[in-house]
Amino acid sequence: MEKVCVIGAGSTKYGKLEDSITDISLQASVDAIESAGIQPKEIQAGYISNVFGIADKQVHLGPVIMSDLGIPEVPSLSIESACGSGSVSFREAYANVAAGFYDVVLATGVEKVTHTGTEWTTTYFSYCSDFFYEGGAGASFPGLFASMARAYLAEFKATEEDLAMVAVKNHDNGFLNPKAHLRKKITIDDVLKSAVVASPLKLYDCCPFSDGASAVILCNEKFAKAHTKNYVEVIGSGRGGSPAALQGREHITTIPSTKLAAQAAYKMAGITPKDIDFAEVHDCFTIAELVDTEDLGFFEKGTAVQAVREGRTKLNSDISINPSGGLKSKGHPIGATGIGQVVEVFDQLTGKAGERTVKDARIGLTHNFGATGASCAVHIFKSV
Amino acid sequence: MQFTYSKVYKLLSKEEFINNAKAGKVLARKCTKCGHLHLVTTYFCQNCGNKSFENTIIDGKGSVVTYTIITVPPDGYEKYVPYAWVVMNLDNSELRISGFMANINSPADLPLGTRVKITGYDERGIILEKQ
Numbered sequence: 000m001e002k003v004c005v006i007g008a009g010s011t012k013y014g015k016l017e018d019s020i021t022d023i024s025l026q027a028s029v030d031a032i033e034s035a036g037i038q039p040k041e042i043q044a045g046y047i048s049n050v051f052g053i054a055d056k057q058v059h060l061g062p063v064i065m066s067d068l069g070i071p072e073v074p075s076l077s078i079e080s081a082c083g084s085g086s087v088s089f090r091e092a093y094a095n096v097a098a099g100f101y102d103v104v105l106a107t108g109v110e111k112v113t114h115t116g117t118e119w120t121t122t123y124f125s126y127c128s129d130f131f132y133e134g135g136a137g138a139s140f141p142g143l144f145a146s147m148a149r150a151y152l153a154e155f156k157a158t159e160e161d162l163a164m165v166a167v168k169n170h171d172n173g174f175l176n177p178k179a180h181l182r183k184k185i186t187i188d189d190v191l192k193s194a195v196v197a198s199p200l201k202l203y204d205c206c207p208f209s210d211g212a213s214a215v216i217l218c219n220e221k222f223a224k225a226h227t228k229n230y231v232e233v234i235g236s237g238r239g240g241s242p243a244a245l246q247g248r249e250h251i252t253t254i255p256s257t258k259l260a261a262q263a264a265y266k267m268a269g270i271t272p273k274d275i276d277f278a279e280v281h282d283c284f285t286i287a288e289l290v291d292t293e294d295l296g297f298f299e300k301g302t303a304v305q306a307v308r309e310g311r312t313k314l315n316s317d318i319s320i321n322p323s324g325g326l327k328s329k330g331h332p333i334g335a336t337g338i339g340q341v342v343e344v345f346d347q348l349t350g351k352a353g354e355r356t357v358k359d360a361r362i363g364l365t366h367n368f369g370a371t372g373a374s375c376a377v378h379i380f381k382s383v
Numbered sequence: 000m001q002f003t004y005s006k007v008y009k010l011l012s013k014e015e016f017i018n019n020a021k022a023g024k025v026l027a028r029k030c031t032k033c034g035h036l037h038l039v040t041t042y043f044c045q046n047c048g049n050k051s052f053e054n055t056i057i058d059g060k061g062s063v064v065t066y067t068i069i070t071v072p073p074d075g076y077e078k079y080v081p082y083a084w085v086v087m088n089l090d091n092s093e094l095r096i097s098g099f100m101a102n103i104n105s106p107a108d109l110p111l112g113t114r115v116k117i118t119g120y121d122e123r124g125i126i127l128e129k130q
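Residue numbers (numbering that gives the first Met the number 0), protein chains in the order written: chain A, 0 to 383; chain B, 0 to 130.
The shape of chain A in the complex, shown without the other chains (with noise of 0.2 angstroms):
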């Protein structure tokens, strides 16, 4: 297998965007390609991802955006895996440079939905779940998590406050990022007294529905090494599933993709969750950060929350957990997100995460899933 590098990244904002789908994917790519210093002519194949094209009339991107780059004869692949689908998508592309088959490739996230409003999103968002069960017996996605958190609070001995733990944290981060949805600090009385969605989580418990797009460049170690000296490697790809509906689990409190994702891609970097200095996690609600980070291993079962008390997964403390605001304060554009989480990731590791940098860090983690976890992937990467 080849080494697979990443050498250029961009994103727009996340947020309410005024331009189109398509506009907003092309800023991202063009981002992404002037940041690896390339020509798209180099470009050999293009890898995008998104959920909802038809909220803004534009499905089958991937054409779209490679004829607005001029180049229309790279071939493309369109990916849709719900909120994971800007990792599962990249996993592809990862997996193609390594296989041999491209030199180089961009791998492009998107999504525009917020012009549809919240009865649209909380609706369609409900077609990802296990519709027969979930979905259509009335689960709202903050529904199943919400039904995870009351397990886990249940379980674990943890409090609506602890949770609110989360959020606070991870907007103390997004304040950081230029780019952030949500660019504001909160409390946890904020979070208390935000109005219920789905109990026991409420409105600040929960990311918000965001536009935005993000892209980067795969690349083979030779063809990195010729373009650039500032980039990244990738260490580690897994890959996991997990029953679609919560009631085929054995425990609520655990996402099994998550777990065979990172015990792949730790066993492909050869190293532990201890080698980890930061990690971009899925948190699209406070209580999948909990989840998510006893899943990988850096905390024990039903520890995290003791861990979000004693401030451990801080900026710059033990491990920065979503250093970028996360999805609660960064925001959740579900095509593009996956892929958003690598450009954190490259930017901590190249230098340019700016106020939110996570000192001397070496080996960085991005773990993003599709739904309630039914899909999931996790690469690692590390600095050269």
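Derived by calculation from the structure, the hints in this document are not laboratory data.
Bear in mind the structure is a predicted one, so any value in this text is a computation, not a measurement.
All C-beta atoms, glycine included, are put in the ideal place defined by N, C-alpha and C.
Treat the hints with care, as some may be off.
Stated by the list, open to error - Short, incomplete list of chain B residues facing chain A, as computed with Cβ under 10 angstroms:
(1) K13
(2) H37
(3) L38
(4) I68
(5) D74
(6) G75
(7) Y82
(8) I96
(9) S97
To be verified - Label-pair restraints from in silico Cβ distances:
(10) P74/A to T31/B: 43 to 51 angstroms
(11) Q262/A to Q45/B: 15 to 23 angstroms
(12) K29/B to T186/A: 52 to 60 angstroms
(13) T302/A to C33/B: 30 to 38 angstroms
(14) G240/A to S12/B: 22 to 30 angstroms
With the hints as your guide, set chain B onto chain A.
Coordinates of chain B only, in the frame set by chain A:
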């Protein structure tokens, strides 16, 4: 919003599953090779990979594993707010099933472990009630 049933559902006797739910029962599939129980939507045994099953009808009674109370609903559920979406353990089996429960206003109305039962199936999905 209404369900439309594909041919795949018919192959898996989803309609039979729904008729059982209306009668307070769960139609499950028992692997003829290893005995592993599945809900009716499974084609291959998750334990041994076997493809043949015999139907097993389970009483739709059990206890609450976890749940949420929805206040911001998907389309079609506005008139039911607040309501609960519940995951329950089925008695005498390792199977769980989830469904819709009306008239739950606060967590005090439904402590974990509460005894519940399936009482029907309609446009809200599988309907659960307290025993």
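Hints and how they fare:
With 10 angstroms as the threshold, the beta carbon of K13/B comes within range of chain A, its nearest partner Cβ sitting at about 8 angstroms, so the hint holds. The beta carbon of H37/B comes within 9 angstroms of a beta carbon in chain A, closer than 10 angstroms, and the hint placing it at the interface holds. A distance limit of 10 angstroms between C-beta atoms decides the matter here; for L38/B the minimum to chain A is near 8 angstroms, and the interface restraint holds. For the restraint placing I68/B at the interface with chain A, the shortest Cβ-Cβ distance is roughly 4 angstroms, inside the 10 angstroms limit, so the hint holds.
At about 4 angstroms, the closest approach between the beta carbon of D74/B and any beta carbon in chain A falls short of 10 angstroms, and the interface hint on this residue holds. Against a cut-off of 10 angstroms between C-beta atoms, the interface hint on G75/B holds, since the closest Cβ of chain A lies about 8 angstroms away. For Y82/B, the interface hint holds, the least distance from its beta-carbon to any beta-carbon of chain A being 6 angstroms, beneath 10 angstroms. The closest approach between the C-beta of I96/B and any C-beta of chain A is roughly 6 angstroms, which is under the 10 angstroms cut-off, so the hint is satisfied.
Checking S97/B against chain A: minimum C-beta separation of about 5 angstroms stays under 10 angstroms; hint holds. Here the CB-CB span from P74/A to T31/B is close to 45 angstroms, well matched to the stated 43 to 51 angstroms. For the hinted restraint 15 to 23 angstroms between Q262/A and Q45/B, the CB-CB distance of approximately 20 angstroms keeps it satisfied. In this structure the hint that K29/B and T186/A lie 52 to 60 angstroms apart at CB holds, the actual value being about 53 angstroms.
The hint said 30 to 38 angstroms for the Cβ distance between T302/A and C33/B, and at roughly 36 angstroms that hint holds. At roughly 25 angstroms, the beta-carbon separation of G240/A and S12/B lies within the given 22 to 30 angstroms, and the hint holds.
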